[in-house]
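One-letter residues, chain by chain:
Protein chains: 4
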Amino acid sequence: MSINSLGRLLRLSTWGESHGPAIGAMLDGCPPGIEINESLLQVWLDKRRPGQNKYTTQRREDDKVEILSGVFEGKTTGTPIQLLIWNKDHRSKDYSVIKDKFRPGHADLTYWHKYGNRDYRGGGRSSARETSSRVAAGGVARAILQEFLPSIKILGYMTQIGELAIDRTNFNAAEIEQNDFWCPDSSINEKWGRYVLSIRKKGDSVGSMVEVCVSGTPPGLGAPIYAKLDSDLAAAMMTINAVKSVEIGDGVQVASLQGSENNDEFFLDNKKVTFSSNHSGGILAGISTGQDIIVRIAIKPASSILIPKNSLTTTGESTQVVTTGRHDPCVGIRAVPVAEAMVALVLADHFLIHRGQIGHIKDYSFDNQ
Amino acid sequence: MSINSLGRLLRLSTWGESHGPAIGAMLDGCPPGIEINESLLQVWLDKRRPGQNKYTTQRREDDKVEILSGVFEGKTTGTPIQLLIWNKDHRSKDYSVIKDKFRPGHADLTYWHKYGNRDYRGGGRSSARETSSRVAAGGVARAILQEFLPSIKILGYMTQIGELAIDRTNFNAAEIEQNDFWCPDSSINEKWGRYVLSIRKKGDSVGSMVEVCVSGTPPGLGAPIYAKLDSDLAAAMMTINAVKSVEIGDGVQVASLQGSENNDEFFLDNKKVTFSSNHSGGILAGISTGQDIIVRIAIKPASSILIPKNSLTTTGESTQVVTTGRHDPCVGIRAVPVAEAMVALVLADHFLIHRGQIGHIKDYSFDNQ
Amino acid sequence: MSINSLGRLLRLSTWGESHGPAIGAMLDGCPPGIEINESLLQVWLDKRRPGQNKYTTQRREDDKVEILSGVFEGKTTGTPIQLLIWNKDHRSKDYSVIKDKFRPGHADLTYWHKYGNRDYRGGGRSSARETSSRVAAGGVARAILQEFLPSIKILGYMTQIGELAIDRTNFNAAEIEQNDFWCPDSSINEKWGRYVLSIRKKGDSVGSMVEVCVSGTPPGLGAPIYAKLDSDLAAAMMTINAVKSVEIGDGVQVASLQGSENNDEFFLDNKKVTFSSNHSGGILAGISTGQDIIVRIAIKPASSILIPKNSLTTTGESTQVVTTGRHDPCVGIRAVPVAEAMVALVLADHFLIHRGQIGHIKDYSFDNQ
Amino acid sequence: MSINSLGRLLRLSTWGESHGPAIGAMLDGCPPGIEINESLLQVWLDKRRPGQNKYTTQRREDDKVEILSGVFEGKTTGTPIQLLIWNKDHRSKDYSVIKDKFRPGHADLTYWHKYGNRDYRGGGRSSARETSSRVAAGGVARAILQEFLPSIKILGYMTQIGELAIDRTNFNAAEIEQNDFWCPDSSINEKWGRYVLSIRKKGDSVGSMVEVCVSGTPPGLGAPIYAKLDSDLAAAMMTINAVKSVEIGDGVQVASLQGSENNDEFFLDNKKVTFSSNHSGGILAGISTGQDIIVRIAIKPASSILIPKNSLTTTGESTQVVTTGRHDPCVGIRAVPVAEAMVALVLADHFLIHRGQIGHIKDYSFDNQ
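Protein chains in written order, with the working numbering: chain L, 48 to 416; chain R, 48 to 416; chain G, 48 to 416; chain U, 48 to 416.
All clues stand as given, with none of them false.
Identical chains blur together in the list; that is why a pair holds if it fits in one copy or across any two.
Below, a list of computed lysine-lysine pairs in the DSSO-like style, where the Cα atoms sit at most 30 Å apart:
1) 101 x 200
2) 135 x 111
3) 135 x 122
4) 146 x 111
5) 122 x 318
6) 94 x 135
7) 122 x 111
Rather than coming from a laboratory, the hints here were simulated on the basis of the structure.
Assemble the whole structure, with the sequences as input and the hints as a guide.
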């Protein structure tokens, strides 16, 4: 019941602080024989890496992942995979000014309450830097899915920055990869750019909305009660820094719907079950339906801002806090590959659980009867 | 890694189908010496019981809970507590008409895909009836909290039915208990009543929004990464039938906020840390701040409706499905005590984990320095 | 991390006290479609039931198991299987005389130290009665093995009572079932009978040794480090009441061996790997070799005896304790079906884990190359 | 349910192969504020390090442990502690000769059966090298015990090499640390020395018996059924390479005892419960009694020997195997600090679990009444 682990058969455990010597992840339970190498994982880390464009933090980290175990001659062996990333650019000095102050919106105060200590160097364990190790491990999960469920495609993108939401009628999946904001709507791109730069200029930050759409999942992954696919996705998403909501399918909108609208009807199309709509977001009763799985998260604005906020010193004096240093005006941008990684980890775990209990993805489709 | 269990040190496992002989819950890890008896647990079950007013299903279940183990001479012994509820009014015949059809929006199709079988008797394991056993177990969790953290109060209520949301300026906690809808805004009561009856009349169902507010939680419960308090709450909430979103604090609204708005400032008031606002919903970096914990869930409209929907038979023929029998026009009403129970279970578990790792709720408040 | 659960994918949780209303077991993670019914499980319970011959306790329990969930129309559904056994003959009055005394060798004192309470009615949770629920759950595990690995045969038997050990040259598997002692050596039967009756006559009890031999296990079950097959077997065996040692293969004897004696050599016989010996007891580096798995446990003499022993009252006065009531002169006799059940549960769990991680029992035998 | 993890609240996960770049351990759930540094852990690793005397392998490893996370300014923070040991002297060439052969008694064949692959470089994950990371993590567990239960002393020693057992009447704890064999009986020292050298000379290996005695454990640690202290100790011990039996207290000898001999009587001595004997090895019904905890393991002779044994090549040809390279004539010598580490990890975990469920070590001793 490790408090730093996630997953059941495929189990991720991460460790490390943003300003310690290194961070890393151990992934246990990976099937043997999967092709994995450092370049393959680096692709995903490079997507997440800060300092890539003018909209994200200028902290420079190579974020080079090293595989220390579990892979031999280019393939997984079935033993634990240890992924390590050295911290190179951690400039602890940036943080000395806030050493004796609690930063509003940060983990400072709650850590101090819980543990009676504080790693004031950039947030320690609570830094978003920890998510690098998830992205690396997510790369392994993607390779597992590629091997066993190659039809699965995981696509993350931003749907909102501040009050500026995309127009879904402009949705263009091809746009996402080439866009600074992983945005599927090219018409909003310039607007978002100007807006984020204006936020950065005034030293503020802004919230955002990220969605992950998974196509090609076979029906049958998940379980009815406490290992529901949506419950595990919700838990995994909510562990990402700054996430304050998780929605599946229509999410909060279902409160306004009637059953006659919300029930996705189905019929047989070329001997395949086909749905009239996807209000459920690809999951019914905790189990995948075969439709696109839709998960959406709201990410709060980064709490590190240049605008002074009232706070306390560690000895209980009133103070004001300004967080200088290098920070993100919109942390949601870098959350996209992290959210994708978490989805990949949950799906790969559920595939293994399913295979353990049921044996294989069964095909009860009607042409077999 | 049981797929029908929840929690770490305080571990809930539930079992049973809606139309089998009984359902139940085993709660493991309960501290010894807590006063528990069947009447005390029955209070919470009676809150959830169907057939209580004209807005809920007319299925009649006594829902009498029996304690089969773990309690001796009125107190918990520290061994597993088995709670059993017999199914009395399960009328399997009601379901014969849909035996060979998949009901849209139900678990029918996904179960069939996963397990290759179907318990057509009212949904089997996926029936909301399973939540009775959670409510009973939640009663034990409440007793644990009452013993060790008596300042905690857990208050669940509805904030929206269909498109009709409460006016938060009318919020009156005292109203909730005496209200057919667990609604804190008496001004909307009559409107909701008329609306739900109109939904019932046309054989449809409607979605809703339920919120749980926990006051009196000490700071320090939770953990920074994968045992985050908000992650565990999200997982627990998402296991409740029909829930499609989980929000903490401002939830989806944070996407629209800027850091200068969203950061809750704090100051010292009478030697106690006090906050200017509670956008964070009482949780920062996975750990409780001491403010009210706010969790909000959207509940989809029940999929069992009297309006015909397109579907398939189990042999792949096109058909239409109407779910006759006794069902809820607004299942959210009965979800309120369930959501409260899940919150109680998560908090009690986190209290025990915290006590295990840290020893006790530490008081690092400034008057001790 | 339930403290009353065992297993990973196939997860057993038991509950109940010897003198409460009932005991039971929940088995989670069972594959769907396995034929299970109460008669099938009853077979194993009847083997364990007390009062069957003059060598065991005269407590009369029907030990009728009821299946409350997880089975529909004669087959498992994939949801949790709840097995319940009512306590019928629990005569609490028998225990009143020792209510205020700690019985030497019993759980009385350690429970009191741990929990600050005592269920003096027959040992409460620590009674061997709890093992009935394991035997019932073991029946399900056997059915899983029968379905997927039908070559597996699990055979438990006694090899020693007190200082009287069997002569292994007389080993006759066919003898075991028809023997009051599950003894494979008919030549020692009468001797054991006289010995156990003499022990009973003087109100004493005696220790014993039980061995379980599993033939037909495919190679490849288990894992190299902390989910070693032998580690999981050791844990499972050591949870059985009164067990004080667990040996795999040659067990304690390996301390005296040299590598040149202990290494099991192998060669190819008809394209199948064949071993010259089985010192390893069928497990190398935590993984099954395909040879017979041999597990052996020493069971201490029951602590309930009619011979007075020095002890203390619950208020700290010196006293002497005699445990009247119905008890077993040699509890090891009834441990045989319990040990078999635990082995079945561990193997079925490891089969599912293996299938989850690896996909199927691979056949790397040499005729495929 | 990680298959490379051990423990519940204090959770050890190890990773790494003997001939990969590094091995390591992550320890999760450690209380904050414990003083830890690399020198403190190095003490225990140095005890285990090979090449220290003429009786163990001449492989030279510095085995320098590095703390990569979870410790800040000399104290644990409550976040995961990552311990890393680089592999320096791994000379893969030594193993090329056995690349295409299965070594009898090794993991080679079972790994190949399970995973379909083989890390022929020194056994990969199954090498005893993995135990270094346990010893490092055990150092943290010792520091936890030192902080919270300082009365606990963990003492491991050898009691038998081959057929040469110590004479327990010569037991002298002070002898152990200064003895090449961790032997408490100085009278057998020279005999063991000659014997082990003769084994080495003929290229053979020999089994041994190691015992760990824990004094000063408070009563109350453990749990009645599946988290029994003895069950968790048995599981932990059986995960150590080459261990084939685990005994608690009198172990296999209890089979020969009668209840009137085996029951440890108790009386009050200066208001403290005192026992007449310790047949139970300090554990009754899964819970510590307060007496010395006695755990004993038999360790098989190392399978790597210079004496040719019959085996097969990976393509199924008959062959003979001789394992050249640097190996231990008696691996049990280096198992002593490993066994101590495992005991420390289990006890520290059970302390935290106890504190979580019960709150503190309760003192129900009679002077409080």
